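K.L.:
Listed here are the chains, written in short residue letters.
Protein chains: 4
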Amino acid sequence: MTAPMFTWPVRVYWEDTDAGGIVFYANYLKFFERARTEWLRSLGLHQSALKAELGGMFVVTETQLKYLNSARLDDELLVTAQLTEKGRASLIIEQQALRKTEHATPQLLCSGSIRIGWVSAANLKPQRLPQQLLTRLP
Amino acid sequence: MTAPMFTWPVRVYWEDTDAGGIVFYANYLKFFERARTEWLRSLGLHQSALKAELGGMFVVTETQLKYLNSARLDDELLVTAQLTEKGRASLIIEQQALRKTEHATPQLLCSGSIRIGWVSAANLKPQRLPQQLLTRLP
Amino acid sequence: MTAPMFTWPVRVYWEDTDAGGIVFYANYLKFFERARTEWLRSLGLHQSALKAELGGMFVVTETQLKYLNSARLDDELLVTAQLTEKGRASLIIEQQALRKTEHATPQLLCSGSIRIGWVSAANLKPQRLPQQLLTRLP
Amino acid sequence: MTAPMFTWPVRVYWEDTDAGGIVFYANYLKFFERARTEWLRSLGLHQSALKAELGGMFVVTETQLKYLNSARLDDELLVTAQLTEKGRASLIIEQQALRKTEHATPQLLCSGSIRIGWVSAANLKPQRLPQQLLTRLP
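Chains as they are written, first to last, in this note's numbering: chain A, 1117 to 1254; chain B, 1117 to 1254; chain C, 1117 to 1254; chain D, 1117 to 1254.
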């Protein structure tokens, strides 16, 4: 499956860094989440509205990340999101964080694979992905 | 009013620091919150139980903090909480973060005053502090 | 002194919220920081470059925040920054977080006053604000 | 290799939760980090001292996490750390977050595998794990 690649810009602020002088590794999960949220929004899927209308929400069930290079304060990143697997109750999204450089090619900082499942907002039990949602996905 | 002083230990981890090599200033609000939570728990007030039983919760309505000295990775802090004002719908708690030192006296890092109000969990509207709660406070 | 008002958009993501269903109050300090950083950048002041060139950095020395209304997931906020005091070694910036609404007027969520001081990056000792920096400020 | 299992208690506070009412998944990386830090400390390895003495530091280079159950405000967790691979330049630590329950057996919430590498603090280049460090590891 070759879904189109979605890209979202992220700027590195003080809040994102740690005493190593670089972006704290756990924060790439936040950057990835922002890009996934905006990717869903670009498809007409607003998570707060989904919760209100369908009584369900996405939860992250699995993450695999590799950290290759470090980002620093003031760096401009590009974060990608690409749907690579569409199951009955979960999706897999491949994501990358890259640093904009003066050169043509951005530098890869972190790549990851995120599985998200659909659950009832009331009891957090896994559920099938609603049809209204599936039809919006590429 | 001279309520007793409650003290809670906090260790500084990577997650707490920023690229300046010190604890990110916003994180003192987290340290203060942990100490307030444990202070309430020491009085028999568990916030998740309060929400379930009384349908209400505390929200922070005002914070004033002064930053005097910096904490670094691996530092051991002591965080205090002391009730200084008990109103109908809100409390003021004075708090300090101090660093343990080899000397007798810990070093003051950050002092603050936090006002918390009681609101309905359903609509976030301010409410009077429940009697069950007030009777537990010093 | 009536310096111009700087405004920066902030979107609310899962990372910003807490179990009360609203933005965790400590995170407004992050939103304010992002707006201050972008305000400085708009004046040609890049903090990582300032550190490299002048050997100093800004640290937050005092914060006063009032929380008036709550923000929720997916909300679009506007965060302002306005310089209101320019001392020898510190600045005071007044800031607001407002929620965009369907109406003309955004709703005020949180207002604050942030004092930032200039310190040596090496030893964190307070220093006079460098002339190169002062001349850029409004 | 069967290294002993290290266990560290973690309490869930407001700061750890999100608007889904549960612990925000990225925060398990923080909980795991705290447990790894305390595991290293229990072996006599203090990271701030290592940086000062050896000029190096650990960075996380790979994380794999599975989320099985959710934690909520006020929950008491146990976080484990167990060294499962000791390479020339990196370690793999298997970790779990479990919730204390009234029953004998804690409930597994999240399990993960974290690879950490040793780098020069000056330029972040990967380096062999120092002998002083290796001899302390089980």
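Because the hints were derived from the structure by calculation, they are not lab data.
One thing to keep in mind: the hints can contain errors.
Below are the DSS-like pairs computed for lysine-lysine, each with C-alpha atoms no more than 30 Å apart in a straight line [said to hold, decoys possible]:
{"#": "1", "chain 1": "A", "residue 1": "K1241", "chain 2": "D", "residue 2": "K1202"}
{"#": "2", "chain 1": "D", "residue 1": "K1182", "chain 2": "C", "residue 2": "K1167"}
{"#": "3", "chain 1": "A", "residue 1": "K1241", "chain 2": "A", "residue 2": "K1216"}
{"#": "4", "chain 1": "D", "residue 1": "K1182", "chain 2": "D", "residue 2": "K1216"}
{"#": "5", "chain 1": "D", "residue 1": "K1167", "chain 2": "A", "residue 2": "K1167"}
{"#": "6", "chain 1": "D", "residue 1": "K1202", "chain 2": "A", "residue 2": "K1216"}
{"#": "7", "chain 1": "D", "residue 1": "K1167", "chain 2": "A", "residue 2": "K1241"}
{"#": "8", "chain 1": "D", "residue 1": "K1182", "chain 2": "A", "residue 2": "K1202"}
{"#": "9", "chain 1": "A", "residue 1": "K1167", "chain 2": "B", "residue 2": "K1167"}
{"#": "10", "chain 1": "B", "residue 1": "K1202", "chain 2": "C", "residue 2": "K1202"}
{"#": "11", "chain 1": "B", "residue 1": "K1182", "chain 2": "C", "residue 2": "K1182"}
{"#": "12", "chain 1": "B", "residue 1": "K1182", "chain 2": "B", "residue 2": "K1216"}
{"#": "13", "chain 1": "C", "residue 1": "K1182", "chain 2": "B", "residue 2": "K1167"}
{"#": "14", "chain 1": "D", "residue 1": "K1182", "chain 2": "C", "residue 2": "K1241"}
{"#": "15", "chain 1": "B", "residue 1": "K1241", "chain 2": "C", "residue 2": "K1202"}
{"#": "16", "chain 1": "C", "residue 1": "K1182", "chain 2": "B", "residue 2": "K1202"}
{"#": "17", "chain 1": "A", "residue 1": "K1202", "chain 2": "A", "residue 2": "K1182"}
{"#": "18", "chain 1": "B", "residue 1": "K1241", "chain 2": "C", "residue 2": "K1167"}
{"#": "19", "chain 1": "C", "residue 1": "K1241", "chain 2": "B", "residue 2": "K1216"}
{"#": "20", "chain 1": "D", "residue 1": "K1167", "chain 2": "D", "residue 2": "K1216"}
The model shown is predicted, which means the values in this text are computed figures rather than measured ones.
K.L.:
If a hint holds in the structure, say so; if it does not, say that too.
P.N.:
Do the hints match the structure? See the list:
With a C-alpha separation of about 38 Å, the suggested pairing of K1241(A) with K1202(D) is violated against the 30 Å cut-off. About 40 Å separates the Cα atoms of K1182(D) and K1167(C), which puts this hinted pair outside 30 Å; it is violated. Our distance criterion of 30 Å between C-alpha atoms is broken by K1241(A) and K1216(A), whose separation comes to about 40 Å. Proximity of K1182(D) to K1216(D) is assessed by CA-CA distance (about 19 Å); at most 30 Å being required, the pair is judged to hold.
Restraint check: the Cα-Cα separation between K1167(D) and K1167(A) comes to about 46 Å, which exceeds 30 Å; the hinted pair is violated. Our distance criterion of 30 Å between C-alpha atoms is broken by K1202(D) and K1216(A), whose separation comes to about 35 Å. Restraint check for K1167(D) and K1241(A): not satisfied, since their Cα atoms lie roughly 45 Å apart, outside the 30 Å limit. At roughly 18 Å between alpha-carbon atoms, K1182(D) and K1202(A) fall within 30 Å of each other, so this suggested pair holds.
With a C-alpha separation of about 22 Å, the suggested pairing of K1167(A) with K1167(B) holds against the 30 Å cut-off. Under the criterion of a C-alpha separation no larger than 30 Å, the hint pairing K1202(B) with K1202(C) is inconsistent with the structure, at around 37 Å. Pair hint K1182(B) plus K1182(C) holds up; C-alpha atoms about 15 Å apart against a cutoff of 30 Å. Of the pairs offered as hints, the one joining K1182(B) and K1216(B) holds, with about 19 Å between alpha carbons and a cut-off of 30 Å not exceeded.
Of the supplied pair hints, the one linking K1182(C) and K1167(B) holds, its CA atoms being roughly 23 Å apart against a limit of 30 Å. For the hint pairing K1182(D) with K1241(C), the CA-to-CA distance comes to about 44 Å; that exceeds 30 Å, so the pair is violated. Using a Cα cut-off of 30 Å, the hinted pair K1241(B) and K1202(C) is violated, with the two alpha carbons roughly 38 Å apart. For the hint pairing K1182(C) with K1202(B), the CA-to-CA distance comes to about 18 Å; that is within 30 Å, so the pair holds.
This hinted pair checks out: K1202(A) and K1182(A) have alpha carbons roughly 22 Å apart, not beyond 30 Å. Proposed proximity of K1241(B) and K1167(C) is contradicted: the alpha carbons are some 45 Å apart, above 30 Å. Restraint check for K1241(C) and K1216(B): the C-alpha separation of about 21 Å stays at or below 30 Å, so the hint holds. Our distance criterion of 30 Å between C-alpha atoms is broken by K1167(D) and K1216(D), whose separation comes to about 35 Å.
Violated hints, listed in ascending order, are 1, 2, 3, 5, 6, 7, 10, 14, 15, 18 and 20; each of the other numbered hints is respected by the structure.
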